[in-house]
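For the record, the sequence lines run as chains A and B.
In this text, residue positions in the first sequence follow the working numbering: the first is 1, and each later residue adds one.
In this text, residue positions in the second sequence follow the working numbering: the first is 244, and each later residue adds one.
These are computed hints drawn from the structure, not numbers from a lab.
SDA-like, lysine to any residue: derived pairs with alpha carbons at most 25 Å apart:
| id | chain 1 | residue 1 | chain 2 | residue 2 |
| --- | --- | --- | --- | --- |
| 1 | A | K29 | B | R406 |
| 2 | B | K748 | B | L500 |
| 3 | B | K666 | A | Q236 |
| 4 | A | K31 | A | T18 |
Stretches of chain A that chain B covers, calculated by requiring three or more beta carbons in the stretch to come under 8 Å of a beta carbon on chain B:
| id | stretch |
| --- | --- |
| 5 | 19 to 33 |
| 6 | 126 to 134 |
| 7 | 171 to 180 |
For glycine and all other residues, C-beta sits at the position ideal for the given N, C-alpha and C.
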Amino acid sequence: MSASPFPWNVLGLTRNATEKEVRRAYATKLKLLDTAKDPEQFQELRGAYELALMLAQVAEAGNVEGADDKGIEQDASVSSDDGIDDFVEHQSRPALAPPKQTTVPFETMHTLVAERNYSVGEWQRLLNDPLLDDPGAGAAFESALVSALSENELKAESTLSAGKAWRDLIESRYAWVGDGIRYPRKFPFPSDLRQVLVELGRSSRALPYSPVRETNQFAGLGKVVLVLLLLGALIQLLNKMAT
Amino acid sequence: MSGMPVGIDLGTTYSLISVFAEAGTSKLVPGADGTFLTPSAVGLSDTGSLLVGAAAKARQLTNPDRTHVLFKRHMGTGKEFRLGRKTYSASDLSALVLRKLADDFRAAYPDTAIESLVVSVPAYFSSAQREATMLAAELAGLPRPRLVNEPTAAALAYGLQDREGESTFIVLDLGGGTFDVSIIEMFEGVMEVRASSGDVVLGGEDFTDVIARDISEKLLVDLDGVGDAKRSIIATAAEAVKRRLSEAATAQVTVPLGKGKDYSLTREAFEALSAKLLIALRRPIDRCLYDAGVSVDRIDRVVLVGGATRMPMIRSLAARALRRLPEAGLHPDLVVAIGASVQAALVQRNAALSDLTMTDVAPFSLGINSVVHMPSGTIQNGFTPSRSQRFSTIADQQAEIEFGVFQGESPMAFENARIGEGKVRVPRAPAGQEGIDVRFSYDTSGLLHVGITVVSTGQRSEIVIEGGAQSLSPEERKRRIRALEALMVHPRDESVNVATLERLKGLYSMLLGQERESSAELIARFEQALASQDPRRIAQVRDEVELAASRMEENYVR
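Isolated chain B (complex conformation) (with noise of 0.2 Å):
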């Protein structure tokens, strides 16, 4: 059985996975359906088994309750989603997408394994939040993986188009749940991010939620106090609102709720509702050209990823602030996963890459302080992988030093989050003659270490600073992998179908009048085929009926 290097952008609406084939060129790996994106949702079948991707997608507008979509807003933290009797951590429901896309994967190379595995986090994820995607990856059965920063993906992918040429570029990822902005610099081969920054919670969610409650608010509907079924009814209106205004000027729906309630809104209007989220997209870009020192004027090109960035006024607002054009040469939604497999094959020193090598930044600040709580100096973020700093002891005969790490922005450590601590014997000794080196260094998945060195004995030490997460114990995580390979999910073809229908079932609870009594019709024809069993004729029909609700769709916001 060989191997291939194997890439996966789990992202927070849409997840996909991508190999680096023999040729030297990455390349995507369909689903079931044909289709590359996988909507990261998870949901609860009528029958009780597990429903991954667009079967749950699909459900989410006829049963809210029992789906789960945008948990990687909540990685690393102690969310606990429930889904029938069970109760889920966002690592387990990310860990089924993954185990969805290795279906994938295995379905288009079988008898193939995956040899190197890179997973894509945005740039400022914390430890824990790494820690938690690294987690999902072992619950699905997968390698460990490494991680790569999105923005530093998608300049792999682009940098893989012009490999001699030598230029200067920023990545803006405005992804379903997150922003991140990169500067990275290219040449001779060699890729490097200057700098990096981002907001972990700003992103095309947030712009589809201003819609929403301008929505309910024109419609006189308490969006806090209707029950999850309409919300989502009014969540799936302002989607299509949001798209529709990516293409035209205006647009136009029947929100399905009592007789249908008609809502039209223009480009001008939603950039008016969305004046603070674009305010906020504002300072990551600032801070990158600061952190990167290179005026703005030294940019070569602007690339846009992230499908949020189809929105016009993002796009304009990249151009006012940029000096210039964005570029947009590959899909937005698919150059991150293409670099993901870029980055795992040159994980794995593949040959076909000789050429290229890249560095990354630490996103953070870090710092530490000592014994007494005095404030040190910070290690500010930059771009060497690992700096170090030396304490020296502050009093006689004293036979330890204690301290404490710090991550954030803060001059003062103990302004800052405390992600850490550690404790090293010293020989005793005058006050000042005694110290330890204490060097930060994150490694290649952006996980952090700390290596603590006595100056005079060179005794050393080392300590990771990891997130919860990785508190599990190898037995509670045996038992996690094995609970969570038990669950019943549903078969990977007759998820089509199921996908196929709730879709239908969607178009039917979004339309009104003559159009609902089509959307039935089409359900009705769906089921008769699927009551049939032959599987060409399934097929056949779905392919129809498919063909049928994306006409429909297109049709509901004019």
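One chain only, chain A, in its complex shape (with noise of 0.2 Å):
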């Protein structure tokens, strides 16, 4: 066994394990471990199990075409070369199933957007359409929106028409300012978008989504910092002396 290459090496297994005995090793394993007393140990055996529990999924899905995971489905006709890469591209962005008969709400959106029509009423009653409540469908509509945005009205003006009010909207059910991380990787286009939805939040001096979380992630912030500076400021000192 231990002739097996990394990650099996670390579970005990060998290179062509299934996924279900990839979690039973993970989870012998773990069980042996304090993982609040040994992280280090803890981390090679978690990245370990990541990767073999991801090759094992990608060899259990080129064995069988279109497996169980309907999620996975187009990886399963990729080459198992390039394979990989793909895979974990969907493993962050799940490939969900397409819109069943959703139409409505997506025409409705266009309409709104060709009449700049930033009613909040309208848009939350938008927003709030149940056939949207699919994830399929309302991933799409994400989509679909920005696209909407970033062509049909960033183009011709450099801004949106829209009032603060709307934006906060889109902000609470979107949060594309306020979630810096996914926003790129689910839109990686270019678009002044997300730059112009920062514009419209400041121009009337507001908070981002939820005024209050803000409130208290800062709150003490002040203090922390003088703590640490002094923290900092003690540990030069430590280290002087010991020098």
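Build the complex from these two chains, which are given one at a time in their own frames, with help from the hints.
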């Protein structure tokens, strides 16, 4: 067993271990470990598990065309060489089933954008459309909305003719401004949309989508900084005394 | 004296305490009034002593200016709450609630110590809020607790029922003040939180507020202009309407303003009023699915936690968004407390749970920038509790590397919240030849540790990023514990009577006409019993008037 390479060696498995075997091996090893006391060993085990699990899933998806998981259907047809990267991409961005018959809210959205109608009431009704609650339809709608706003509106002018209330509503639903990690990952094509929304929010000195959370997070920050500064000075002093 | 694992759900509206009993199961501990739910409320009685729990909550209606609720929303902030001549922080008020729960524990399990204590917090609580929660436990004279994320606790309670099972489930926890979503994978006795997200300012109380605003609009009352007393009458009516709408399609109340004004609301209208809240509820669900990287079809179970998930609009939203009917096998109000004591037993490495382990995620993305404020890559949230990143010197003969630690979701470090900073000395060398490894790790309570290793010398140092609460000196802390101990809190047994009396007075203020007279009769009867000072008679009359009060409360909303 020790002959097998990483990640399987950490789990005590051979190269062709199945998903179930990987999970079982991980579970057994994890129970022998005090994760709080030994974070480094846990990290190694965790890393090995994640990789081995992914490789097992890719192998299984390759064996059975369109295996039980609809979410990774597309990957099954990808040749195994470049399949891993694609798979990782889909892991972080789950492909969902295509939207059902949900064209109505899409049409409404396109009309509103075309007419530059940013009435909060209408958009509230639109965003609460039960048809958009299905994850597939919801994700498709979000993309369509980003495209529509970027293409139709922003191409003509460099700003949206929307008010802050509309911007806050959109932000409370999608957090395009507040969540700078997932937004660029979901919508990698360049667009001014995010910047425009930042400015729409700023124009009336608004806080992002959840003002109270912001206060909570920042509260006491001054004190923390002060304490850390003092701590830093102390460490420096101790260092000087040591040398 | 033997020790027991104890779990506490310190909620926005209600708090509970549970123990992990020897039989290998969790048991909730009742209060002096026999119920499990202790309202998270602190108030001042007419005699100047402090009331905690049901007695305080009942007085909210009649004495809103001398009662505090929902203080969990201000944990970790500098907000001060005034009661009489003293002011309290959110941690102080929480400490009083915790102390009441600990008293209940001591009454139920005399001669038993708390061996390991776990307190639950929203998954999205920041370090400052977590620290404030830990401080509350210490101020209450309890051992320093470990914290567990509320949805994780809920999952533990569900997981305990089905240890051998293999499933992926999503927990939607809509409490009084917070909304948490977690995706948990369970296999071979391992429970892993794959992703967590949430909103710390969205909860059941916001839905009550929506109704209260509608009542004041329809009845032409200026909610911000009226006094505390009228506002709490409206809030009480709104709460009753909200509860009723979870069971019926329409609700009607007579709000005791002037000669009484009728108000009615349908389920559909309530949903329309809540449009903004419903829109905001969907964001954490989307995000959690995205972060966990699981397709919605891989989710086997949808678990609803928190009293506010009783609202039909929440249940149907969950069903549509997750393509699955939610289950509610365990009581949504009790499940977090049950899970917290399971976690306490896990911390203690209890033999009854040797086949179960649990790992949790880092709830925030973290990043650091180096001396010239160059934005560096952020460390994404994910489920490895510890990640490291290397930084090199950028100038020849540089002797120190200074850095800031940021928390947030923007790829540019400076757009996020700066939560700490540090400085390390490195040997002088040409640029780029020296460097430090910075490792972030969350401890089991979700507090952030930053470990720094100088690459060439292997010299290590560590900073713990703490909230404002931690900056108390040991003396200050001791002083506050003593100050809180010295407060005169209403005796436990008498509190039950105060709660009943205040409940009746509250009813009196909510009712009109004939019904108001009936409630006045109940008050007179109970006061007579109290005057007799005969504990048996008091208890008997108390049960009778409580029953009558429940009936009147039920009839209040039609």
